[in-house]
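Undergrad: Let the sequences and hints guide you as you build the complete structure.
First to last, the sequence lines map onto chains A and B. Position one of the first sequence corresponds to residue 1 (our numbering), numbered consecutively onward. Position one of the second sequence corresponds to residue 1 (our numbering), numbered consecutively onward.
Fair warning: there could be bad hints in the mix.
[Stated by the list, open to error] A few chain B residues that face chain A, going by a derived Cβ cut-off under 7 Å, partial list only:
#1 Phe26
#2 Thr54
#3 Thr56
#4 Asp122
Keep in mind that the hints were calculated from the coordinates and are not lab data. Yeah, the Cβ is synthetic: ideal placement off N, Cα and C, and Gly gets one too.
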Amino acid sequence: MADTTLGTAPGTRPALFLRNATGLVKAWSTFDAFVYSFWSINLITLGLYGMSYVYTVPDGQLLAGILLFGVLVTFLVITYAMLVSVMPRTGGDYAWQSRVLGGGLGFVLSITGWWFTLFLWAPIYANILVVQFFSPLAYTLGWTGVAMFFTSKTGIFVSCLIVLAFVSIVVTMGMETYARIQKVCFWIGLAGLAVVCGILLFYSQSDFQNAFNREATQLFNAPANAYQGTIDAASKTFGGSSFGTFTFGPVLLLLPWLAFYLLWPNWGATLYGEVRGAKDIRKPFWSMFAGLWVTVAMVAVVVLLINKTIGWNFYQSANAAYWNNLFAVPNAAAPPVPIWPYPVMFAGFLVNNHLFQALLIIVMGLWFFGWAGTLFLSSTRVIFAAAFDRVLPAWAANISAKRRVPYGSLVLMIVPSLVVSAIYAYKPDFTSVFLDATAVLALTFLATVVAAVILPWRRKDLYDASPIAQYKIAGVPVISIVGAITGLFLLYMLYQWSFNPDNLYGTSLQKTPNSVIYFVATYVVAVVVYVIARVVRNRQGIDLRRIHHEIPVE
Amino acid sequence: MPKVFFATDLHGSEVCWKKFLNAAKFYGADVLICGGDMTGKAIVPIVAENGHYTVTLGGERQAVTADQVAEVEGNIRRKGYYPLQMTVERLQELDHDPAKRAECFQEVMLEGVDRWMKLAADKLRGTGIRCFVCPGNDDEMEVDDVIRRAELVELGEGRLVEIEGFAMISTGWSNPTPWKTHREESEEELARRIDAMASQVPDQSHAIFNLHCPPFKSGLDEAPAIDADLRLLHGGRALRPVGSTAVREAIERHQPLLSLHGHIHESKGALKIGKTLSINPGSAYEEGMLMGALIQLDPKKGIKSYQLVNG
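TA: So this is what it looks like as structure tokens:
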């Protein structure tokens, strides 16, 4: 028998009486959800990697850019938190777009972003693993051969295989185990970051110059004064950068670069369908909001410390020299230290002990391993949702009985990722395709935001029954207002990615035909999959159009 | 060829119940099956005081006039809660006395189920549509009697019923949960309960197992992990299989054509366990959305097609 019904605390007036019933649980900790959001916009892995490109906008004041981006993404966070509150569905973007925009459009727009485009992220993750872990660690330990291997084509491909294996293991072990691992990585990673910041805080720029020159010679056999040598090498293609310069236009041009890591506080939104209590808008909002702004604050601290101790012009010169040499920009010269400018490694140089430096890189590597495991987690949920809607075959949502491994969706993610990884490693011509990985996800978000804007009219029933129906400004639903602001922000970035006249982001449509062909192909494939599904299911007596048709109440 | 519409875990949502009744016409179904947990989890007091009524909805306390009470009651029912008008004294009495609160809950729940049965009679009379309801672990035992008395709704619990050449057995009992609800028992007892019905099924290739609790480790039974204090772990993202081993073993041993489940709202899905198609359509009763499964049965093919829908 049921134990009892639930009253209220003494002295308070009850708003409702609850009885003991399945599923009545106490709210999840906002901190736990914050950790997931925090990892999604990882300031070390994606953050430092993405920001290493901002040398392309030398007059763009990075701190102002980060703060502006934080403000604009807050509207994205509010929009997604409101959608979670109205429809806390597993599948996130797919479910919202399907229910509001229609099944076909929802499938095409979300599946290209959450399925096809994530193939591209596997090699991006692999490259980050190389430049932030394998390569600096191997150089620090004096294993030059290993370091060189991981910068070779085969080395990059091996790193891709390691990432895919790691992601598969995480999906297999399940989120509960990985959440524990994430927490350990979170605290140790934070401790590592505190050490990095402490070192950068207490040492001076001249200390860093001496340390850099010493380690450049010891670890990389670079000639004397590699610090100046790096600036000189960069000067062939880069005019220098000052941290104090502020012009509003260039700040706006920074936004598409910052999107590479700061656009994803909503990454876990595809999972909220599994979260009881998600209908309470405060929980998903504060989780994503805190993840975003804690990261923004940390990035600000890191950027200020880089400016103070490493020197802004040197740091940007090192980035320019590395990337321009790698991308074979005309007149580019090879930097004396042939490694991606990793601020963690640079901070480690300030302590003249290679064991300490290696330990610091390993500890900061936990930022990668606590984060990368969720690469396909959201994708598998979207594939599940499409399979349950009968758009994809039923086996796509199959789970093994013994270990609960979603092998169908894993195969659909891993196999294409292997092919894409091989292309990434062995076909440099396709680089622009990978640079577009952010833009396509932004397009998926844009479709969701459009769904949010029209939700109060298109699905009035759902909206009116939701907790957010009470939020209006001058009679206009808040979700439509914040959605419209987010939409304009995303449209601006999509315009810059696609049409920037200087091809600033390496993704302008006119300059990157491979990229255009790839992405048009993915949308065509998505349309073809949906049309085939419609025809096949129709023959089976299943009308895919009726999945989301509302049954009349009266 | 019977076309079945299955939905479950409506938890007192009157909008969902009305949609459930209308689903037959909407989808062209001949048979409606409601899988259990019909009754709501909460009473929202509408307190008469000082010439008006006060009610707290969505955390916001508001005062309404007598004319507005009907609309407020409708909004409350839509979410699956029971609105109940009362005096301040009655409110205090219910707050302080668990026995009276339990008695009040039973009263409003049974009254709600009775109203639903009457709605069903109004909607289904003369249509030839059969409607089965099998209360779930959250439904008190007295609910069965209300359904037995219904004009056009058939009680499924513990029975083998024939549906145009297909045999259906039903139970809303589940394995133990942390909430100690009304119809829980050990896996062994649940196995015996299911076997007692399953052994009467003449042909498993034409059998439907309507078992509220999903099979263990099937993917239809993944619920957010909680601690001993019922607090969600890891931001609610960590999932654990909480289904029944007895249900799984019964499906694996008897291999019915179809098994229908609910219980775990978040674990929507459909999958094959051997020859059996197992379905949990999930539940979104709080939004007034009816999640269901549409299954076209065929005397020769067994299952001609199935589809999970969000009405």
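Undergrad: None of the hints should be skipped; say for each whether it holds.
TA: Results of checking the hints against the structure:
1. Phe26: holds (5 Å)
2. Thr54: Status violated, d = 9 Å.
3. Thr56: holds (3 Å)
4. Asp122: violated (11 Å)
When held up to the earlier numbered hints, the structure conflicts with 2 and 4 and fits the remainder.
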